[in-house]
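The listed protein sequences correspond, in order, to chains A and B.
Position 569 of the first sequence, counting from 1, maps to 569 under full-length UniProt numbering, and the rest follow consecutively.
Position 183 of the second sequence, counting from 1, maps to 183 under full-length UniProt numbering, and the rest follow consecutively.
It is worth saying that the hints were derived from the structure and are not from the lab.
We put the beta carbon where it would ideally sit given N, CA and C, even for glycine.
Among the hints, a few may not be true.
[As the list claims (entries may be wrong)] Just some of the chain B residues that point at chain A, by a computed CB distance under 7 Å:
#1 Arg75
#2 Val99
#3 Tyr230
Spelled out from the first residue to the last, the chains are:
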Amino acid sequence: MDSVLPQLLTGLATASSLFLVASGLTIIFGVTRIVNFSHGSLTMLGAYIGWSILTRLPRDPAWFALGILLTALATALIGVLIERVVLRRVYRAPELFQLLATFGVVLIVQDATLWLWGAVELPLPRPRWLRGFVEVAGGRFPFYDLVLIAIGPVVLGLLWLVMNRTRWGTLVRAATLDREMVAALGVDQRRLFTSVFALGAGLAGLGGALSLPNASANLGIDLSVITDAFVVVVVGGLGSLPGAFVASLLIGILQAFGIVLVPKITLVLVFLVMAVVLVFRPNGLMGRPQAEAREAALAAPVVRAAPPALRWLGAVALVLAVLAPFGAGDYYLTVLTDACVAILFATSLHFMMGPGGMASFGHAAWFGIGAYAAGLLLHWAGAPMPLGLLAAPVAAGIVAALFGWFVVRLSGVYLSMLTLAFAQIAWAVSFQWVEVTGGDNGLLGVWPPDWARSPRVTYWIALALSVGVALLLRRALYAPYGYALRAARDSAARAQSIGLDVARLRLVALVIAGAACGLGGAIFSYGKGGVFPTYISIPHSVEALLMVLLGGLQTVAGPIVGALVYTGLADLLVRSTDLWRLVLGAVIVLLVTAFPEGIAGAARRLWLRGREA
Amino acid sequence: MLLVAGLNAHYGRAHILRDMALEIGAGEVMVLLGRNGAGKSTTMKSIIGLLRPTSGRVLYGGRDIAGEEPHRVARSGVGYVPEDRRVFADLTVMENLEVGRQPAREGQRAWTPARLFELFPNLGRMRDRPGGRMSGGEQQMLTIARTLMGNPRLLLLDEPSEGLAPVIVEQMAAAILALKAEGLTILLAEQNPHFAGGIADRATVVEKGAVVWSGSMAALRADDDARRRYLAV
Ligand SMILES: Nc1ncnc2c1ncn2[C@@H]1O[C@H](COP(=O)(O)OP(=O)(O)OP(=O)(O)O)[C@@H](O)[C@H]1O
Ligand SMILES: [Mg+2]
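Modelling step: build the complete structure from the supplied sequences, incorporating the hints.
Structure below.
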């Protein structure tokens, strides 16, 4: 019993910080319908800016409070900048382009932060008053934790007042319900969006700055915070402030006790709770069904057959690819092998996302499961490569079926966020189950047998498998199954009424995509000689999205073009500049704002226009 | 006051409005008649700017507002009441009105909640009721009141009588006549010629997105042939 109260208080303190960040995310989503990936980056900036301000101010409570507020103000201004420069241009773009744009911002902020503050963690020197303890019920508790605990409800109260007692709040709530109607009544949406973004960003920065005394400013904050915030917002119900508060408490307390009771699987526990909540309440604890955006129907991607010229181009490219080992050195062969894997990675995601209509934020999960299936078989049972290449898609497919069983009924953002959560579970297992997976060190020595060991043979195997699978996926799209799948995507209700089993169609799509992606993971492992948790990381999942969206959803060739362009771009950037994330982020933002239909889509449009003219 | 000429609009690739044309003088009430899917609502959405017309002019007070953003059009004095009401379900009556509030223009007597409750007494009895928990008739009154809070000079009213009980329809007609008496210019979309007959000065009949008949209400009443051809229910 002795440990219950301290844990509870720790949990409540965590909950407060979570709530600050999540409330901003949920307010922004409510009004703009944008899932803002860069929200975690704003928190990170809050921590760094907070550090810079607080270390320059006198160290007493009043100055500390002032410093924190200044930090929130600064991040709010940065939020305004992001909104004006990036988001404003993508409000009418499909949801995933918005996500991609905000991820571009994540990359830019990462490198900018690294450049400005350096790679070293920056702890805040804590003055005595921050280190103090308070006696509560016979125990001693960190004073600062109690401050944090108080801040959560205070902020909730203030937000409630703003939302319910001011004209601005009324407009925000109205826009959350029907922003088109709000505009038709004479309200300038742009100014409303900018101000909402400023508030959300300010809250994110506040959360980042307030976390300083207990943690430090470091470059990992952005992604870890955004995952937690997604979980909270999804569990609470997208767009609901009280929901975010309750979910923060739930998750914060769960984490605090989880660490004591089941240290190894705390992350898993959190995501399991999220999964359970969504199974029983598909819109979160306090969310309401998402009204489909009124304009969205027009943007649904169609898959169109490639014009004949493009097929010829493809055939020529394929021949060149087969002959490549005779011209390219070993280094380029490994890059080309990576490109083949990228093709599997991207086409499989495109399959479930384009025709299947299920966007995944966690596609790397299947990649990693395939990789670990092959790696573990080799490591523990000495299974040779061919068996590993077979086991990988099977394992990934089976897990996809299990996972799919309870997510295919969810829609839109929730499904996407659950895929992210699932990928984080898989990542946590690979990272924390050291005895089996080798944890952070990974599984080493996952090499192909001698006959396939040369980069040349590895490349040919990768090429054969990726092209083969890509063609199979294409076939499936033009088979009756593919048409049924698209019908289900375009209108689930109508598909149901003509006798299609929508859930099953989507489940099958998920399994196919998972299996194909798992194969890619296995090939990749044999190429690199090892399996590591980073295969399942969020940035890796986002890479898949980048490839697909770069190429565009509308064409079958899209994900292939996207995979190639992305691999080439990434390779070029990593080799030529230390600031590759910054450049990549900027390129993404530019592409998304300039070509909302992707590279292949834009090329296709230009091509058709050229012919009509 | 409002002149629409050569207006074309599309939903995606579907060509909906074909050279739509209208002219309404200040203080006039014009009714747009036409069957389901004729393009009445689309005309209104194109005027307020929720749908960007592909070509054509919308002159309002001498200025071309075609393709302008909805909030600009609204602020220049055009009020839009959508056919599906679009009341903010979580917001109370008072809050719904607040969202619609915009400053009055010179020489206008500003609408206030109190004045609107005189026009629609039902609303005054449920100030704190969320919009989602009101009857269809009450919601219809609220959506009109909400738009009036913006102090428009021109009101686009899309099928205010749709789906309402006869008693409520009569109240609605009385309210619209009161607005007309205030000098408000009104473009009314209707399927119900009887309802329109009591209110409008002139009528424009649309079919497949184009004007097929226009003239005074009296002329329409006299023209059996047109009524049969375009309005037969
Ligand atoms: N959002 C939309 N997307 C695609 N087509 C639409 C959309 N809204 C309306 N249409 C089509 O545009 C045409 C005109 O519709 P509109 O709503 O303007 O008709 P209406 O005259 O207002 O009819 P009603 O009396 O039923 O309200 C119809 O053929 C309709 O099917
Ligand atoms: Mg209509």
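**Item:** Residue hint arginine 75 of chain B, partner chain A, criterion CB-CB below 7 Å
**Value:** Cβ of arginine 75 of chain B sits 5 Å from chain A, so the hint holds.
**Message:** Does the closest beta carbon of chain A sit nearer than 7 Å to the beta carbon of tyrosine 230 of chain B?
**Reply:** Violated - the Cβ of tyrosine 230 of chain B stays beyond 7 Å from chain A, reaching only about 29 Å at its closest.
**Item:** Hint validity - valine 99 of chain B Cβ closer than 7 Å to any chain A Cβ
**Value:** 5 Å, holds
Checked against the numbered hints above, the structure breaks only hint 3 and satisfies the rest.
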